[in-house]
Structures are given as C-alpha cells and as structure tokens.
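Those protein sequences? They're chains R and L, same order as listed. When we follow the working numbering, the leftmost residue of the first sequence carries the number 2, and every step to the right adds one. When we follow the working numbering, the leftmost residue of the second sequence carries the number 2, and every step to the right adds one.
It is possible that part of the hints are untrue.
Copies of the same chain look alike in the list, so a pair counts if it fits in one copy or across any two.
Below 25 angstroms or equal to it, Euclidean Cα-Cα: the simulated DMTMM-like pairs (lysine to aspartate or glutamate) are [as the list claims (entries may be wrong)]:
| no. | residue 1 | residue 2 |
| --- | --- | --- |
| 1 | K235 | E250 |
| 2 | K121 | D230 |
| 3 | K261 | E84 |
| 4 | K182 | D268 |
| 5 | K182 | E228 |
| 6 | K182 | D165 |
| 7 | K121 | D268 |
| 8 | K208 | E174 |
| 9 | K121 | E270 |
| 10 | K203 | D165 |
| 11 | K121 | E267 |
| 12 | K182 | E216 |
| 13 | K121 | D160 |
| 14 | K121 | E250 |
Simulated from the structure, these hints should not be mistaken for laboratory data.
There are 2 protein chains.
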Amino acid sequence: MPSDLPIGVFDSGLGGLSVLFELQRQMPSERYLYVGDSGRNPYGPRSAAVVTQFTLQASDFMVKAGVKALVIACNTATVAALEATREAHSDIPVIGVVEPECIAAAEATRNGHIALVATKGTVISGVHAARINELRPGTKVTGIPAPIFVALAEEGWLDGAVPDAVAERYLGELFSGPEEKLPDCLILGCTHFTPLQESIRKATGNKIVFVDPAEITARQTQAALVERDLLCSKSSFGSMRFCVTADPERFARVGTLFLKTLVSPEDVELIALG
Amino acid sequence: MPSDLPIGVFDSGLGGLSVLFELQRQMPSERYLYVGDSGRNPYGPRSAAVVTQFTLQASDFMVKAGVKALVIACNTATVAALEATREAHSDIPVIGVVEPECIAAAEATRNGHIALVATKGTVISGVHAARINELRPGTKVTGIPAPIFVALAEEGWLDGAVPDAVAERYLGELFSGPEEKLPDCLILGCTHFTPLQESIRKATGNKIVFVDPAEITARQTQAALVERDLLCSKSSFGSMRFCVTADPERFARVGTLFLKTLVSPEDVELIALG
Chain R
2 MPSDLPIGVF DSGLGGLSVL FELQRQMPSE RYLYVGDSGR NPYGPRSAAV VTQFTLQASD
62 FMVKAGVKAL VIACNTATVA ALEATREAHS DIPVIGVVEP ECIAAAEATR NGHIALVATK
122 GTVISGVHAA RINELRPGTK VTGIPAPIFV ALAEEGWLDG AVPDAVAERY LGELFSGPEE
182 KLPDCLILGC THFTPLQESI RKATGNKIVF VDPAEITARQ TQAALVERDL LCSKSSFGSM
242 RFCVTADPER FARVGTLFLK TLVSPEDVEL IALG
Chain L
2 MPSDLPIGVF DSGLGGLSVL FELQRQMPSE RYLYVGDSGR NPYGPRSAAV VTQFTLQASD
62 FMVKAGVKAL VIACNTATVA ALEATREAHS DIPVIGVVEP ECIAAAEATR NGHIALVATK
122 GTVISGVHAA RINELRPGTK VTGIPAPIFV ALAEEGWLDG AVPDAVAERY LGELFSGPEE
182 KLPDCLILGC THFTPLQESI RKATGNKIVF VDPAEITARQ TQAALVERDL LCSKSSFGSM
242 RFCVTADPER FARVGTLFLK TLVSPEDVEL IALG
C-alpha cells in the first residue's frame, strides 16, 4: 500500500470536518478525501440497518477512489457500522470515534458520572455506557439526545444567542443539581458538536472535562498509520478533496467555518451514493 | 367512491399535523389516515426527484389503504410532486398547500412585498414567486430558507427562548429596515412552521399578515370534497390513524403538542415506505 494515498474521512454531513481539521493539524502532509452524506443527513433518527447500508456505500466509494485508511468521523455511523466496515475493508485500517471517546472519558472522570451528548441513535444504543463500564465499572452515563445541535452545525450557526439557548435547554436541568451529583465529564458524542462546545460549556457551568472526538480520533488515526508504516513521508503540505451528496454551496460556506480556512464551492464535488 | 373512507394526509414528518388539526376542526366527522415520513425527514435539502419518489411511495401506501382524497400537507413535497401524484391517482382529489398560500398572499399584500419562510427546496424552486406574479404582477417575494425551524418543530420545541432566538436570527435583519419597504405579508411556507408562528410574529414586529397553510388548505380540501359529493355524512366524531417511518414515541409526544389532544404511542404505527 503506497503511503502517499489519501486518508478517507466520512460523516453524515459536515460534522466530520471537526475531525478533518484535527487530522490536518496533526498530519499536514497527508492528502484527505472527505465524503459528507449531506443529502441523507441527519443519520440520528435512522435505524442501525439503514445507517450501516449508507456507511458501507460511502466506504466503497472511498476505497474505489483509493484510500490507505478510513476514518468514520460520525458517532452514529461508528455505533451502527464500524464492525461491518472493518469486515468489508479488512486490508486497511478503519478508525471510529467511539472507542477513543470511551477511553478518554473513563480516564477523565473522578466521581464516576459522565454526560453523553449525542444523537438519539447513539444514546439509545447504549454503546458508550457499556464500553465505559468495562473500562471503569460502576460509572453512571447520562445520555442526552440533542438533534437540534446537528441542525445548528449543518446551518453553520456555531455561536451566539441560538446555540447558547439550545445548550441551556438541553443541559440546564442536568447541570443545576447539587455539585457532587453532577457529571464531571462530558462526551461530545457527535462530531457535529465540536464547534458548538463553547455554548455547551456555558450550559454546564464551566467546571467539567470535555471529551472531544476530533482531537483524540486524529491521534488514534496517526497511531494506526504509524503502526502500519503508512504515514506520508513528504514534507510538503497535502491536499483535501470534498465530495457531498447535496448542496455543495452550503458545504463550502459552513465548511469554511469548521476548517477555519476558505473552502470554495468549486472544491466541492456533488456525488451520488447508493 | 364511498364517502365514509378516510382522508389521507401526508408530510415529511410532523409538520402536516398542523394541517390535520385544521382539517379535523373544520370536518370533525371525517376519518383521517396520517402518514409521516419521519425516518427520512427533513425533505428540505433533498433533490426534487428524490422528494417525488418518496411522495409517490407514501401516496401509494395511502391509496392501497383506501382513502377518498389525498392532502400533501408539506410544501417541499407539493412543490416537487403535486403534479406527479395527481397523475398517479387521477381518480381522487389531490390537494397541495402551495396554491392556497399563493392566492391568500396575493390577496393580502398591500405594498406588493411578501416574505416566504420555507425550506431551502421550496425557496429555490421559485414556485411561489412565479404563481404570485401571475395573480398579482410586480409582486416582490423575498424567500428565507429556515431549516432550523423544521428541526425545532420535529423536536417539539414550539415556544420559549430557543424559537424566539432562531426567529430573530432568520428574520430580524429583513424586518429592521424602513417600514414602507418591509414585507407586509408573510407566508409560513412549510407546515412545520404553523405552531412556531408566535416566535416568528415577534421577529417581524407584529404588524404584518400571516398566511398559514393549515387553515386555508383545510378549507380547500373541504371544497374539493363538497364538489365531488364526498363529504362524510355522519354526525358522530371521526377518527385518526397515524403511520410513521421512524420513532413512534417522539411522534406521539410531539403530535400531542401539534394536535392539542393526547396521542398515545399505541396509536402510532411504524411502517416502511420504499
């Protein structure tokens, strides 16, 4: 496998760009192929079977395009489809976001109470609670399904009065009890939530540890590449290619906010999946 | 066609319940079959071809179940698929929401400036502007795509700080100029927006006419049934049956808010479309 092939990054829409931002920050020489299934976003309310089908379609697309590794930069897709994707593409590393989140959260909590803010699909799967309790038995995981955050991120409303009010409505009650009973750690259990974390932080009262999938998943991806000797050896800057299933203009506009660098609509290709 | 058959009401999710509420208020003896495609909501960002396919799947389901009329209680679906649905089911009346909105808005405006708040698909189609300018040449129609409103309605966040802040962000600028240039009429161009109209009204400064698809579409449906002698002749109360493609529990919870009457999860059936 040539080490100058791109890394494939997949999300249901724009959220995975928070992971891509960290990947590029940690590994700037790499080439990246980002696929956002914006035409079928949000994945949160869909069944695991449907999310698995969509994720495999996107993985096939990226593998056919030629990638050396796959990052499923979407919690809902990781929960539903990580194992199926690993089976389908056993010749390359496939990295999901859930395992790094669980390890980081189990290490961070002191009082054994963790908040998980995520899509409904991720919360009801119970995957985080199960894995965290293997790592740290007796931990309480309080799940808060927060679909409006996904809509805000897709719209590019990342700060201001609206995200603040939404965060307060989702989290205000959970974080208003006696301090010793509150969660002391919060998992941003959806890659769409990373750029909304200042609003989320305000609603929690500022005193807790945040687990952000973007940074830790990028680190795990780097480790997987190092292990297989697949890190790009060039010292020049790499590149990014974007493919979406709907609305390239919105992707360029909001992608610019996520990546903190200009994404032009001409850089975004409209593709069909499935 | 027996007049005691139910009326089919279709929406991409919960929004059509605002139309169902008005239908039932105006024609309480009728039976209703509501189909909400909550598993594939939102329709707003999807292509017209895909929305047409989904709408025909739902129409086929309702016609097979036996309905005497079809109400497409969704602007996005009406814009994309009204003609195709009428062709596929030419033996029964098929009523959409766009035509009643355009007639009401063209009649209501005094200064010839109308605001259209809708999904992106509806706004970029230009269907409202074209039809209104046939009815009232020279009318300016300012479209505001407002996808977050759909997410709020699906979540059941119909009042309070969040809808107020979202409405202000979408509409505050448009309604802050010199009064003579402001729209004097606003079309709620998505059936999800009806229960959010108090927040929307606040953001407009309260001085304009609202065109609400729910009430006028119910009136047009009644007229279509009268014309074909299909009105139910019973004097007793009718019934409602609900079918959704995902998450019956959320549908029951939020449906209770839309319909102002208790919807129990046992009354909501999970179905597959397509």
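Violations among the numbered hints, reported as their numbers in ascending order: 1, 2, 3, 4, 5 and 12
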